[in-house]
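Heads up: the protein sequence lines correspond to chains A and B, in order. Here the UniProt record's numbering is used: the first residue of the first sequence is 1, the next is one more, and so on. Here the UniProt record's numbering is used: the first residue of the second sequence is 1, the next is one more, and so on.
Note that these hints are calculated values from the structure, not bench results. Take these hints with a grain of salt, some might be off.
To be verified - Now the stretches of chain A that chain B is said to cover, found in silico as 3 or more residues with beta-carbon under 8 Å: (1) 140-149; (2) 152-163; (3) 173-185.
Positions of the beta carbon are idealized from the N, C-alpha and C atoms, including for glycine.
Here's the letter readout for the chains.
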Amino acid sequence: MIAGVAWDTLGDLALRHLYLAGVPLLVGLLVSLPLGWLASRVRWLGSTVVAGTGLMYTIPSLALFILLPLVLGTRILDDTNVLVAMTIYTVALLTRTVADGVGSVPAHVRQAATAMGYGELRRVVAVDLPLAIPVIAAGLRVAAVSNVSIVSVAALIGVSQFGSLFTDGFNRNAMGPIVVGTLACVVLALLLDALIALVARGLTPWLRRGVPS
Amino acid sequence: MIDQTWAWLTDPASWTGTRGILAQSLAHLRYSFVALLVAAVVAVPVGLSVGHTGRGRWLAVNVAGSFRAIPSLGVLFIAVLLLLPRLRGELAFELPALLVLVLLAIPPILSGTYAGVQATDAAARDAARGMGMTGTQVLLQVEVPGAMPLVMSGLRAAMLQIIGTATIAAVVGLGGLGRFLIDGQASRDYAQMAGGAIVVAALALTVDLVLALAQRVVVSPGLTAAVRR
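Make the full structure from the sequences, and use the hints.
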């Protein structure tokens, strides 16, 4: 027990929270990579995609959780609603980041790759995306932290995760669970943030080797 | 479900009266703008000063960044439990909610303002000094106009945060459009919940659009031309 919350409960809620915030992060990244790359290549498409996904981000989370059953035909308590909503938010944040990241690759690097005989697709996968990793990782860290925070709102429509400690504590006028839930959210967010930073560091060894002048 | 939601939205009775959509929209806008204004009054001067002097930079960067990790629902409940026994009447529910909205809005405005001043063209700043401008003149005539695009995007991010969280604050008794979401759920009236959610989404989009237009007006045409180039 910690401040009136059983460790078992906390563990279960942690897994639920990680699932609801983490899966959309991965799916959102997979969707944003081609979308952001396209947006950086085709200018009119770029402004449309960035504006469109940005528009989705303006919809308040509670409203989106409630509206998705209408669109998807799911039940209001279905996890799918939260997963889809969080994926939308992730894509909204990351598409612009991926476009910026790919756009930040220096022109001479692209030209060198083309001169070495790299085809378009191979260059994108082997040159553009790796070089864009620092920018994409920075965006992914923002998305991870805000996903963890937003998911807690789903407790209001009865989807259980750390946010359930908020509603539970509030209904019983007990401060303990609310504080535990808040701290748990922050810790989970910081852990995900650190994990992404570590992975990005591992994927970009050239940044640490020092560039010979 | 869609038919019932549409029926709720098109029923004139849903729109009128002290608890109707119109009245609640106005209340929602009132809370939101008050919170934005208070947050801006605090955050913009601090952001300008941090950006201009470079002092307290770690505060602007780290505090603003780590704030994102704090779940607003938890903070809201903590604030209400702490303040509720100490306040009376309607204020007891409104004040903690408004306080949380202001606290949430400060970091994006602060970091936007700070980053905006930092992003001002160094050459323009040097030129202004070279022309004999004092520190205050450089701040007001060069750095503030130069910072406007990022200040405005900070304000827009803050406003979206406020509108969304004000919806959540209906749980602790705050008025506004969140009432339809929370009361609808309490009475298992999904049509009301979904209708309210549509109205909130529309309100958020409209306010963001208005602020985007305001951004065009307040940002110097010299800057936007430079960006388009």
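Hint check:
1. 140-149: holds (count 5)
2. 152-163: The restraint on the segment 152-163 of chain A holds, since 7 of its residues have a Cβ under 8 Å from chain B and three suffice.
3. 173-185: holds (count 7)
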